[in-house]
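A.B. asks: Can you make the complete structure from the sequences, with help from the hints?
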Amino acid sequence: MLAPTLPAVAAPVGGVFRTGGPGSETTATTLPAPRGLSSELEARYLSALRADLESSLPLVWGRRVHSVFIGGGTPSLFSAAGIDRLLADIRARLPLLPGAEITLEANPGTFERERFKAFRDAGVTRLSIGVQSFDDALLQRIGRVHDAAQARAAVEEAGRAFDTFNIDLMYALPGQTPAQLGADLDVAMGFAPPHLSVYHLTLEPNTWFANHPPVLPDEDTASDMLDLIVQRCAAAGLQRYEVSAFARDGHRCQHNLNYWEFGDYLGIGAGAHGKLSFPHRVLRQVRWREPAAYMRNALAGQAVSNEHEVARRDLPFEFMLGALRLREGFDLARFGERTGLPLSTVQAALDQAQQRALIEIDGVATATGLPRRLRPTALGFDFLSDLQALFLPRSPADRAAQPG
Numbered sequence: 000m001l002a003p004t005l006p007a008v009a010a011p012v013g014g015v016f017r018t019g020g021p022g023s024e025t026t027a028t029t030l031p032a033p034r035g036l037s038s039e040l041e042a043r044y045l046s047a048l049r050a051d052l053e054s055s056l057p058l059v060w061g062r063r064v065h066s067v068f069i070g071g072g073t074p075s076l077f078s079a080a081g082i083d084r085l086l087a088d089i090r091a092r093l094p095l096l097p098g099a100e101i102t103l104e105a106n107p108g109t110f111e112r113e114r115f116k117a118f119r120d121a122g123v124t125r126l127s128i129g130v131q132s133f134d135d136a137l138l139q140r141i142g143r144v145h146d147a148a149q150a151r152a153a154v155e156e157a158g159r160a161f162d163t164f165n166i167d168l169m170y171a172l173p174g175q176t177p178a179q180l181g182a183d184l185d186v187a188m189g190f191a192p193p194h195l196s197v198y199h200l201t202l203e204p205n206t207w208f209a210n211h212p213p214v215l216p217d218e219d220t221a222s223d224m225l226d227l228i229v230q231r232c233a234a235a236g237l238q239r240y241e242v243s244a245f246a247r248d249g250h251r252c253q254h255n256l257n258y259w260e261f262g263d264y265l266g267i268g269a270g271a272h273g274k275l276s277f278p279h280r281v282l283r284q285v286r287w288r289e290p291a292a293y294m295r296n297a298l299a300g301q302a303v304s305n306e307h308e309v310a311r312r313d314l315p316f317e318f319m320l321g322a323l324r325l326r327e328g329f330d331l332a333r334f335g336e337r338t339g340l341p342l343s344t345v346q347a348a349l350d351q352a353q354q355r356a357l358i359e360i361d362g363v364a365t366a367t368g369l370p371r372r373l374r375p376t377a378l379g380f381d382f383l384s385d386l387q388a389l390f391l392p393r394s395p396a397d398r399a400a401q402p403g
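Just so it is clear: in the sequence shown, position 144 is 143 by numbering that gives the first Met the number 0, and no numbers are missing.
For the record, the hints were derived by calculation from the structure and aren't laboratory data.
Small disclaimer: the values here were computed from a predicted structure and weren't measured.
Treat the hints with caution; some may be incorrect.
Stated by the list, open to error - Result set (SDA-like, lysine to any residue): computed pairs, CA atoms no more than 20 Å apart in a straight line:
(1) Lys116 / Gly158
(2) Lys274 / Phe316
(3) Lys274 / Arg92
(4) Lys274 / Val309
(5) Lys116 / Arg159
(6) Lys274 / Ala310
(7) Lys274 / Pro315
(8) Lys116 / Phe161
(9) Lys274 / Gln284
(10) Lys274 / Leu320
(11) Lys274 / Gln301
(12) Lys274 / Arg63
(13) Lys274 / Arg311
(14) Lys274 / Ser304
(15) Lys274 / Gly300
(16) Lys116 / Glu155
(17) Lys274 / Arg333
(18) Lys116 / Arg84
(19) Lys274 / Glu336
(20) Lys274 / Ser54
(21) Lys274 / Arg49
(22) Lys274 / Tyr264
(23) Lys274 / Arg324
(24) Lys274 / Tyr258
(25) Lys274 / Val59
(26) Lys274 / Gly321
(27) Lys116 / Phe190
(28) Lys116 / Ala152
(29) Lys274 / Asn305
C.D. replies: What follows is the structure, encoded as structure tokens:
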């Protein structure tokens with residue numbers, strides 16, 4: 000299960016500008032940002048990231064990095080020099096593959112927009128802009144601090160500064176109508192984005208929205224909205240390659256593809272999560288969430304606040320949870336490569352999924368004798384949660400009750 004390549008994940012700001020108030024897709028909102036971080040705080044945080052990375056090196060020796068994703072909080076508040084230092088620290092300690100994808104998450108605020116070209120010059124190759132909507136009223140309802148004009152200006156600037164960029168939109172927002180979604184799509188498509196991510200609003204427990212639930216579109220309306228998104232993206236030449244992701248040829252997000260294919264990734268930064276595979280185990284790690292605690296502990300060589308091995312019985316579900324989100328599916332040989340388990344472990348669930356017309360499997364690979372490729376059917380994609388649930392670990396009682 001030891002992978003020769005490894006995506007590195009850096010979350011430079013983490014939760015510095017997060018609050019539990021009215022929120023967006025993460026059920027948190029970005030506070031009005033100061034004009035950048037203080038040079039002292041930025042330098043200390045970057046030193047903590049470097050210490051975190053150095054402490055992690057024994058776990059990832061011999062692996063090469065094919066992508067870096069700088070996200071979490073508001074990383075684009077860092078100076079271009081700070082991003083340059085971060086990438087230099089990574090390159091000095093882990094070999095980056097030629098053409099490695101380096102993504103930076105950015106909000107549409109004016110100050111951040113002014114830095115886009117400088118981020119490109121620092122080594123960032125891809126920008127992901129958290130637009131959410133181009134409608135001022137909807138942005139206010141979900142607690143965003145930017146307005147529609149700033150969102151348009153940010154996307155326009157991203158198109159000038161980068162060959163590839165992503166627009167994040169949301170649908171099924173409080174009080175949103177299909178016509179409003181259509182208007183958002185009109186604006187987005189006008190920029191001819193190479194990549195578009197569109198997420199359904201989810202109300203997480205113990206958040207402001209969960210305690211003060213807004214009026215949301217009903218399930219039928221939300222389903223119609225998704226159909227509209229799929230139709231409009233197809234007409235614009237954006238292929239749906241994952242549940243929420245649409246891209247032109249050559250612009251799929253390699254970093255996220257690695258997540259969905261149960262690949263390994265090293266997470267550094269406040270609140271960062273990581274997953275690393277070894278010959279006989281899969282390890283998950285979590286860094287200290289609160290930035291001050293993270294910096295203090297990382298500089299002392301103790302950046303990880305929690306880690307655990309994934310139980311073997313949980314590996315099939317964890318693999319399928321992401322892999323089944325891919326419209327084109329995956330090579331079934333990848334299951335054994337990433338979990339260390341034989342395909343027979345999930346054969347009963349595969350048979351059941353086929354009987355219910357939720358998946359289809361292509362031919363047989365002559366070299367391995369294994370079926371070549373599995374993909375969800377249109378029905379399986381529509382009922383993805385039901386399909387994924389077939390791979391949940393079963394209790395002995397469940398297995399005894401299973402026919403045959």
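A.B. asks: Are the hints correct? Go through all of them and say.
C.D. replies: Cross-check of the supplied hints:
1. Lys116 / Gly158: Roughly 10 Å separates the two Cα atoms, so the pair holds.
2. Lys274 / Phe316: OK: Lys274 and Phe316 at ~15 Å, within 20 Å.
3. Lys274 / Arg92: holds, 19 Å
4. Lys274 / Val309: The given pair, whose Cα atoms are some 10 Å apart, holds under the 20 Å limit.
5. Lys116 / Arg159: Roughly 8 Å between the alpha carbons, so the hint for Lys116 and Arg159 holds.
6. Lys274 / Ala310: holds, 13 Å
7. Lys274 / Pro315: Holds - the C-alpha atoms of Pro315 and Lys274 are around 15 Å apart, at most 20 Å.
8. Lys116 / Phe161: Within the cut-off at roughly 8 Å; holds.
9. Lys274 / Gln284: holds, 6 Å
10. Lys274 / Leu320: holds, 15 Å
11. Lys274 / Gln301: Cα-Cα ~17 Å, so holds.
12. Lys274 / Arg63: Holds, at about 15 Å.
13. Lys274 / Arg311: Given that 20 Å is the threshold and the Cα spacing comes to 15 Å, the pair holds.
14. Lys274 / Ser304: Cα-Cα ~14 Å, so holds.
15. Lys274 / Gly300: holds, 19 Å
16. Lys116 / Glu155: Answer holds: Lys116 to Glu155 is near 12 Å, not above 20 Å.
17. Lys274 / Arg333: holds, 17 Å
18. Lys116 / Arg84: holds, 16 Å
19. Lys274 / Glu336: holds, 15 Å
20. Lys274 / Ser54: holds, 15 Å
21. Lys274 / Arg49: holds, 19 Å
22. Lys274 / Tyr264: holds, 5 Å
23. Lys274 / Arg324: Holds. Lys274 to Arg324 sits at ~19 Å (cutoff 20 Å).
24. Lys274 / Tyr258: Roughly 9 Å between the alpha carbons, so the hint for Lys274 and Tyr258 holds.
25. Lys274 / Val59: Given pair Lys274, Val59 holds - Cα atoms ~11 Å apart, limit 20 Å.
26. Lys274 / Gly321: Holds - the C-alpha atoms of Gly321 and Lys274 are around 14 Å apart, at most 20 Å.
27. Lys116 / Phe190: Holds: Lys116 and Phe190 sit about 18 Å apart, inside 20 Å.
28. Lys116 / Ala152: holds, 14 Å
29. Lys274 / Asn305: holds, 12 Å
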